[in-house]
Amino acid sequence: MTTTAPAPAVRKPVEPGAEPPPPERSSVSRWIPAAVVIGVWIVAYLLLEGTDTLALPGVARTDLHDRLTEFNNDLLASRDTNPVMQFTNSISDLLRSLFEWVQRMIVVPNPPRPVPEIGWLGVVAIATYIGLAIANWRIAVLVCLSFLSFGVLGYWQDSLDLLIVTGISVAIVIVLGMPLAVLVGTSTRANRAITVVLDLMQTMPTFVYLLPVVLFFGIGVSAAVVSTMIYALPPLVRIAGFGIREVPTATIEATDSAGQTYWQRLFKVQLPMARKTIIVGLNQTTLAALSMATLAAFVNGPGLGKPVLAGLRINDVGAAFVPGVLIVVMAVMLDRTTTAASERSEKVARGGGGNVRQRRVLLAVGGVGTLVAVYLSRTYIGLAEFPVYTIGDRIATWVNDVMDWVTSTFGGITGAFKDLVTTWLLNPMQSLIADSPWYVSFVAIAALAFVFGGARALVSSLVCLTGIWFFDLWHDAMITLTMTLVATVLVMVLALVFGVWMARDRKVDLGIRPLLDAGQTIPPFVYLIPVLALFGPSRFTAIVAGVVYAAPAAIKLVADGVKGVSPTTIEAGRSTGQTTWQEITKVQLPMAKGSLVLATNQGLLYVLSMTVIGGLVGAGALGYDVVYGFSRSEAWGKGLAAGITIVLLGVMLDRITRAAADVRRDDGPGPRRAFHTRLPIGFPGDRKVVET
Amino acid sequence: MRTPRSRGARIGAVAAVATLALSACGGGSIDEQTQANEEQAAESGGECGDLNMAVNPWVGYEASAYVVGTVAEQELGCNVEYKELKEDVSWQGFGTGEVDVVIEDWGHPDLEKKFFAEQGDGTATDFGPQGNVGIIGWFVPPWLAEEHPDILDWENLNKYADEFATSESGGQGQFLGADPSYVQFDEAIVSNLDLDFKVVFSGSEAASIEAFRKAEENKEWVIGYWYEPQYFNAEVPMQRVALPPYEEGCQDDPETVACDYPETELKKIVSTEWSEGDSTAVDLVQNFTWTNEDQNVVAGYIASDGMSPEDAAAKWIDENQDKVDAWLG
Amino acid sequence: MTTAALSVDGLWKIFGPRSDRVIGTPDAELSRADLKAKTGNVVGVKDVSFDVAPGEVFVVMGLSGSGKSTLVRLLTRLIEPTSGSVTLNGEEITAASESKLREIRRHQVSMVFQHFGLLPHRQVIDNVAYGLEVRGVGKKERRAKAGEIVDLVGLTGYEKSYPDQLSGGMQQRVGLARALAGDPEMLLFDEPFSALDPLIRRDMQNEVIRLHRELGKTMVFITHDLSEALKLGDRILIMRDGAIVQIGSPDEVVARPADDYVKDFVSEVPKSHVLTLKWVMREPRPGESLEGPALPVTTIVRQAARAAIASEHPIRVVDGDELLGVVDEEDIMRVVVAEEES
Ligand SMILES: Nc1ncnc2c1ncn2[C@@H]1O[C@H](COP(=O)(O)OP(=O)(O)O)[C@@H](O)[C@H]1O
Ligand SMILES: [Mg+2]
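Chains as they are written, first to last, in this note's numbering: chain A, 1 to 692; chain B, 1 to 329; chain C, 1 to 342.
So that you can see chain A by itself, here it is in the shape it has in the complex (with noise of 0.2 Å):
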């Protein structure tokens, strides 16, 4: 769910000219109403406290999630008459040969070799030739040291694995996005039609669908792609789909009178001035596929989720962390050489590039190298299998050390603030929100919406909340709710304190950006393990770990806000004589609040994608249910129901923020960058991971 959505106060000027702006609305301050609602939601809190919560025990089911099951069950029992099963199931042996193929290729013995048909050696020079020969020498000498670090910490096959599901995923995606982009790019109705699909796939959590996925494409690498390709897809859509819908009128226009046809449109004009804009969404889906490791892990889908997942089944941290590690670099990796490509036949195209002869004897002499290390490769085992290093295993050791050191240093102080927030914060708001009679919340809550989002936040609150109450878990969603505004307030606190601060210190930023960017590729179960070393299974792990993942994201997105006033504006203020705290709270951050309201958005969303991870550490609620329905067969509709739930939250709060933001007639340059692509689990795709 994202912020594609055109800002309403900001119009290019279109030609012919637009409509006339809308009329601004008054701005009486919603604070007050809203206060009203909530006064009244405690007084019938109060006199009704835990009456009609519609709490269901934890590993209770009502009839409809038992019929949810009982679909599945019929779905497995006829897998193989059912046409459509077939279809599926042919489909993921083709995945599954395709990917084995490759791997015989490169990683896995292709018997009866002891060993792959091109070993390790010829494997970094051929990907190293890749790197010199689209992008420059700096990305191949970045490439060459990636691929060595994947084996000298220990995880050749897995990073190799791991390369391979998500080059072939990433294959798929564009043979499918690219002309759903063209769609969202050029028709509005379909525009408006692909949208509410992709905001439900980027809603739902990916555990959600690894069920189906499961069911219909079985397990291993088949399923591992197709979760990868429904959670990588949606990026490149909406980007592509973008920058198409970008190309100024003017140029359209133009060349349209010029007498061009549908196509001729297409293809001399859109996608070229697009290409760009198509890049960053390649990207983007490229990281997203990644991210996606370690889930696929749970469906038995190869790479480095494996070890990952294996660390968190051991508690050991460090174990976990290194091929989570390894992620990042993959992914810094990807995004560097992507970037890099495109800027080059960029360059090439404008017929720059630099000197074209040396490059060829360049290229020519690299590509004979490579050709020996190929060879080498093939005729000596040592150069084929990747020698054993103990580096991983020592770094490993290193990083439980300094755990353990932090978690029995810090154990206390973390333990009172956990407290604290629990019981002053946390406890009480959940009381009022998960205590209070289902119908009581279910008003309140959608009194509130029209309060900060007007009537169309209403209808949309009033439409997902009849959808929780429908599926039957309706406690369950109000303490994940709890969590989810709890969690976002804090990362709001985060997102401005460092906002604020990176964006007037540019020193700050530079120092913080790599460490923000870090933390939002590195998969969520590798922290996930200290967390819980320091707070129990509790809540309020759940809390800090979705903190941890939304934090990031939010905190880029205010300081480019805050960065994005423009100086003048500031300069002028300056000449009055303020202070910096007035600068700070009475210019930057009011223009900013584009931005602001779309880190919250974000945060929430953030958040909110993180509930399944809360029911692996003792969050309960949803979380729990979405696990629970995805062990055991018999809960199968409780898990499905606990997904859509999640989903309808999402919706919700989505809308309404961006409602409010509507209603704020926003002048921060925020919502207008249409590249904050939201990805649920893994990192978000509102950036680019390591800025160029």
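These aren't lab readings, by the way, just hints derived from the structure by calculation.
Be careful, since some hints might not be right.
Partial list, derived from the structure: chain A residues whose beta carbon lies under 10 Å from chain C [stated by the list, open to error]:
#: 1; residue: PRO248
#: 2; residue: THR251
#: 3; residue: ILE252
#: 4; residue: GLU253
#: 5; residue: ALA254
#: 6; residue: THR255
#: 7; residue: SER257
#: 8; residue: ALA258
#: 9; residue: GLN260
#: 10; residue: LYS268
#: 11; residue: PRO272
#: 12; residue: ARG275
Covered, in the sense of this in silico footprint (three residues per stretch, anywhere, with C-beta under 8 Å from a C-beta of chain B), are these stretches of chain A [what the hints assert, rightly or not]:
#: 13; stretch: 63 to 77
#: 14; stretch: 105 to 116
#: 15; stretch: 308 to 316
#: 16; stretch: 527 to 539
The beta carbon of each residue, even a glycine, is placed where N, CA and C say it ideally should be.
For this one, chain A is given, so just place chains B and C with the ligands on it according to the hints.
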């Protein structure tokens, strides 16, 4: 582009590859080995073939799976594939040929109904007990059992309910529920025995272990769902609380359960199609049994000593060749 | 009179929901703001009819928002008209099929835009050749042709540059070249020079005048700048709120503004620079001397001033041999002084 720095990086990368390559040189020639493999394949005729071993998400299971897998690989020349899956997904895999063996099954009536021949599609077959006895129950950390011995009887639990209260349990005592995939009736037991407790689900084995470990270290009050065989019990010997004893049928209706969990004979479940094939590994799996102690040793190697499952299994096999020979018949 | 190159009849464009339901109802008579309030529709162009003669430079002028851009786009159906007809060289554009329309756009009409609309990923030469390319002209041929046009608009040497490497004025030359490359019979300009600096704008206006003189193409030229309209136009159409206020030659418009709106427009114009003697001459008074020098009726007032001052006698205003009237020094001073005062 051609700054001295990038040249430095370039040289660095080349040097790194060269060092690695040199240090790796000296392994044998690939052609020779290929030939050897071809000859060997011609001789032995590949009797075992592929063995798809499901690996369910707890360490004890991993221990069993890798021991059987390693034996199959080393002694029978199988090509073993370990597939990390939850139980349900593993059972689904029997029908599609993606899974051949589930080596440690704790009893899944629901799945048996779906996949055994009697009522279901017959893709799964019960291959008998694997020797481990599963003990599920309510456990407290040892320090607690020592200081308050009477806590080991459920009738005294309410007395201590306050002590067990946490930020999560809303004034009642907290009972730490387990990973959602396990068989559990704790909510029903709590309510049917009128205990002043609230079940809070830890969510995963890892989360439970972390909680128990911390509790023992800091003398915190914790009670929760736990089980044997389990390597962690070697590190912290968790103590079982006695609930009203299990009787046949007392857990049939999940809503009215008010008794302890039964001891479970852990079983091997295999793919019917695979078991009817001629793989030599079928006999191995059929013959495999071992004890809780055996499993705890291997699981301990993996989780406490940080060995890889392969190494742990190999080590145990080395030390227990007699048992392994018995499986091979 | 020859047949019109372009003929527009009863043309309407209404933006918004169910726009086709408005025309013919009393709603159509509402003012723009009232219609918008009542139905949510916006009138872009309201019942416009006019003819353009071959070779004529026809200027459409009005304040921003008056519907000029909409009008010019209706001419080639870049915007679909709500009703009315457009006929180009006898071909009814409003009834043409998609492919026919494409043919017309490819061969008969080209357009130059305010924001250039160049393709940033193509070199100047390929931008210019774009129209030829979509027609299917081979690469060599179209590049050769485009090269000529590039020379014609004075961009020699910039063929291989990219649009973002050029100044605004030069970019618009590329736009001009692109429009000329297909050798169309008619050129449409939508405020082509509004985004340019005044000096460059003047150059470009002269360029258009030169091209018109050399190539003799029919032109429809949109502008909001009266002096540009006066400078280029053979005739001027003044629009307000989508409707025609006045059509006339430059001096007509200045001398006889149809209403206060137009009067306001032209009030700043130095009349002596625009008006011809036609607008200041009078009947000779009885007994007035007719000895003065003769000047054609199309002479601009300012140019007649010197002669009037130098001459003792009133100037005779003639059309060929026919005497139309006279002007004296005082008549001329009246025009000039009125200007100073306003
Ligand atoms: N696509 C559109 N939808 C709605 N109204 C439009 C649209 N295009 C133009 N208009 C309206 O039509 C009127 C005329 O616009 P335009 O032709 O661009 O004027 P001009 O070019 O004279 O400035 C304006 O009021 C404008 O708001
Ligand atoms: Mg205009």
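Hint check results:
no.	hint	in the structure
1	PRO248	7 Å, holds
2	THR251	4 Å, holds
3	ILE252	8 Å, holds
4	GLU253	6 Å, holds
5	ALA254	3 Å, holds
6	THR255	6 Å, holds
7	SER257	4 Å, holds
8	ALA258	4 Å, holds
9	GLN260	4 Å, holds
10	LYS268	8 Å, holds
11	PRO272	5 Å, holds
12	ARG275	7 Å, holds
13	63 to 77	holds (count 3)
14	105 to 116	holds (count 5)
15	308 to 316	holds (count 7)
16	527 to 539	holds (count 7)
In this structure, every one of the numbered hints holds.
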